[in-house]
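Protein chains in written order, with numbering that gives the first Met the number 0: chain F, 0 to 405; chain G, 0 to 405.
It should be emphasised that the hints constitute simulated quantities derived from the structure, not laboratory data.
Check each hint, because a few of them may be wrong.
Since copy identity is lost for identical chains, a pair holds within one copy or between any two.
To be verified - Derived SDA-like pairs (lysine to any residue); straight-line CA-CA distance at most 20 Å: (1) Lys88 x Leu307; (2) Lys170 x Val313; (3) Lys216 x Leu326; (4) Lys88 x Asp183; (5) Lys216 x Val313; (6) Lys170 x Gln154; (7) Lys88 x Leu73; (8) Lys170 x Arg315; (9) Lys385 x Arg330; (10) Lys216 x Ile171; (11) Lys216 x Arg330; (12) Lys329 x Glu9; (13) Lys329 x His43; (14) Lys216 x Lys303; (15) Lys385 x Glu325; (16) Lys170 x Phe145.
Protein chains: 2
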Amino acid sequence: MTAYRPLDEEKAIQIAREINQLFPENAELSCREIGDGNLNLVFHITDAANGASVILKQALPYAKVVGESWPLTLDRARIESEKLMLEGKLAPGLVPVVYHYDAQLALTAMEDLSSHHIMRRGLMEGTRYPLFSEHISTFMANTLFFTSDLGMNQQDKKQLVKAFINPELCKITEDLIFDDPYTDSPNNSYDSHLEDAAAALRTDGELHLEIALLREKFLTQAQALLHGDLHTGSIFATPESTKVIDPEFAFYGPIGFDVGAVFANLLLNYAGQVHWSRDEQERAAFRTYLLRTIEEIWNAFDSKFRALWDQHGVDRMASSAPGYRELYMKRLLQDSIGFAGAKMVRRIVGLSHVADIDQIPDAAKREAAQRLALAIGTALIRRNRKANSIRDLLEIAATREDVHST
Amino acid sequence: MTAYRPLDEEKAIQIAREINQLFPENAELSCREIGDGNLNLVFHITDAANGASVILKQALPYAKVVGESWPLTLDRARIESEKLMLEGKLAPGLVPVVYHYDAQLALTAMEDLSSHHIMRRGLMEGTRYPLFSEHISTFMANTLFFTSDLGMNQQDKKQLVKAFINPELCKITEDLIFDDPYTDSPNNSYDSHLEDAAAALRTDGELHLEIALLREKFLTQAQALLHGDLHTGSIFATPESTKVIDPEFAFYGPIGFDVGAVFANLLLNYAGQVHWSRDEQERAAFRTYLLRTIEEIWNAFDSKFRALWDQHGVDRMASSAPGYRELYMKRLLQDSIGFAGAKMVRRIVGLSHVADIDQIPDAAKREAAQRLALAIGTALIRRNRKANSIRDLLEIAATREDVHST
């Protein structure tokens, strides 16, 4: 790793030229750094002559969060590129194509997805994605089933566990999702009008027990190779296409953590619709759309996962033991509901927030969205081990009401 | 690994001489190979002049089981020596001291324990080990707590998971314990008089569900660094001393798998007492001793594990969430009971048996022991998720009766 150095735009162009046949030999390339500068440099390189383009993503050896900077392994670039390539095989068309990976530079060259939009932004603008539930359920069923002990050689799986040991990025999740929001942590950050709700989280023993159990699953359950950060900011979408990006948090963990991340971020947008919808009618309609999407995702994921199990199951006991599959899928649903709740709570009182809610300019509406997200999130956490159906989640969301939303 | 070659006795002496200050410079050493030749060479090297001695254990690049030979990684020697050294730190005095490890030769030089006996043999001869429950509960509480997410840095733990990925030896367990006994596998081996009982195992859906769930925990739950093969043949003992050996199956798995192994092997001896005790009175007394030992082990393990948690717990949520610890310890007990049952069943109908039962010369008594072991084992498997106390296990053992034992 001695040759590592952060690239500048000129050097990025030079590297892009060297990638096999991406651009004609004498192409005039232009380059723009479009990353947010917190964790990675992202270079967008284009050939105006023919419209060809590429993204170079380079990991920085530190993370900048709330103004501070701490060292962060460059190995996450290896994890990201290897995970992207594996996803490309298991769920073709649903992730950017990787052209090239340079370990020394912690650099991945990949398909440019400028024609897509970040899904979180799209949802804030009221865009509907009619194929999203179909795409994301395929992405999750394929990537999770085929990396689990149900769907791949169980000895090879252990080697994959080893290759994706990811302590530093897991630590971020362990702290920010499964600890900080439930104690008086300096990492927490929330609007002062939420002080009562944040204080209540710190003394709620029932909630703490559920979070401790979910945390334990995150720490110990090597069920499948997760994306690990599957929120709507990690999804590029158009109404016709879905591309999942940024799997640098990948590790072997509980399947429900990925599924729950999708649910949580749709529900955070649901809460934010107190502002983003123009009127009550539009709000009700968009919220109905979001809940229907969640239901479709679970139902499609559930049936695709079962179908893969039927066709490609490798575990004789798991396939033949009566009742095992029903129990497995029920626990997946329960985990997904619990993790969804944990992810909602942390986005309101923890370190890292979501634009769907933080960018609501009106304080009263923002507070209404925050309180609704907390009400749904905590109810999901409380319900998780008792849930029987995706309708448990839908019912919780639909029966929590906007507060102060006048 | 190019320099690997199996040692002969002369070469073993030469290596023993090179180990720092173990023997005087011109000592006359004698050497005897005392391994069973299946998996490892074991050289016992002694200096008659002063009684000093050492064991050199070298892994062979194959395993011989039922006459056949298949390749087996030499990396298990690294795993064994690293695990022994870690156990030596966490549970000093309860494992042989490691003097030296040679990766190229897959060779570990360790303390000679000739003054001890294999505990399985001792129990067959009616020996009691009054300190065993104290020693083994300390061994398990210390090695398991301090390698779990409760008792060590959670990022370092992930590196330890990586170092102890052990696919080949886990595969042996996955097949022989969690699959073969429940299907018509060519690996199975049992006396023909057990055909009805073996056939019943293959069609018992309730049992299959519980085995599938236990198998899943073995495959996915990276709870602590296990010994992985903690039967009474892996324990050297005297009435005053206990030394746990042979951790080549070490990997990150569910804690109950180690605890259950100890229970299972005491219960297999319990079943075998139909022969090993001279009369009914002695049999009843020794069986009472064995059940009391199991109860003492669990109670001591439970209280030591909780005490370590109090004093050295590193996980804030796990330590503070109300009810979490009770739930954790109850699940540990349930897992231990389930794994104990699975380990008993496989020793009767699976590939690898135990001398406590197989060496009973009289066929009727052997059958009685086998049927008792199966009755206890299957009842433990059926009860595991419903168990509340170690008394559930004791009650199951005490109420199953010897059959045909006249």
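Item to check | Alpha-carbon proximity context of Lys88 and Leu307, limit 20 Å | outcome: Answer is within: at 15 Å inside a copy they meet the 20 Å cutoff, but 46 Å across does not.
Checklist entry - For the identical chains here, do Lys385 and Glu325 meet the 20 Å Cα criterion within one copy, between copies, both, or neither? => result both (15 Å within a copy, 19 Å between copies)
Next on the checklist: With identical chains, the pair Lys329 and Glu9 could be close in the same copy or across copies; at 20 Å between alpha carbons, which is it: within, between, both, or neither?
Outcome noted: Answer is neither: 53 Å inside a copy and 61 Å across each miss the 20 Å cutoff.
Checklist entry - Taking 20 Å as the upper bound on the Cα-Cα distance, should Lys216 and Ile171 be classified as within, between, both, or neither? => result Cα proximity of Lys216 and Ile171: one copy only (16 Å, versus 26 Å across).
Next on the checklist: Cα distance capped at 20 Å. Does Lys170 pair with Val313 within a copy, between copies, both, or neither?
Outcome noted: between (32 Å within a copy, 14 Å between copies)
Next on the checklist: At most 20 Å between alpha carbons: which applies to Lys216 and Arg330, within, between, both or neither?
Outcome noted: Answer is both: 12 Å inside a copy and 14 Å across each meet the 20 Å cutoff.
Checklist entry - When no copy is named, should Lys170 and Gln154 be tagged within, between, both, or neither for a Cα gap of at most 20 Å? => result Cα proximity of Lys170 and Gln154: across copies only (7 Å, versus 26 Å in one copy).
Next on the checklist: Regarding Lys216 and Leu326, is the shortest C-alpha distance of 20 Å or less found within a copy, between copies, in both, or in neither?
Outcome noted: Both ways: Lys216 and Leu326 sit 17 Å apart in one copy and 14 Å across, limit 20 Å.
Item to check | Identical-chain pair category, Lys329 with His43, by Cα at 20 Å | outcome: neither (43 Å within a copy, 55 Å between copies)
Checklist entry - Is it within, between, both, or neither for Lys170 and Phe145, if the alpha carbons may be no more than 20 Å apart? => result between (26 Å within a copy, 19 Å between copies)
Item to check | Homomeric proximity label, Lys88 with Asp183: Cα distance no greater than 20 Å | outcome: Intra 44 Å, inter 36 Å, cutoff 20 Å: neither.
Item to check | Intra- versus inter-copy proximity for Arg330 and Lys385 (alpha-carbon distance at most 20 Å) | outcome: This pair counts as both: shortest intra-copy Cα distance 10 Å, inter-copy 18 Å.
Checked against the numbered hints above, the structure breaks hints 4, 7, 12, 13, 14 and satisfies the rest.
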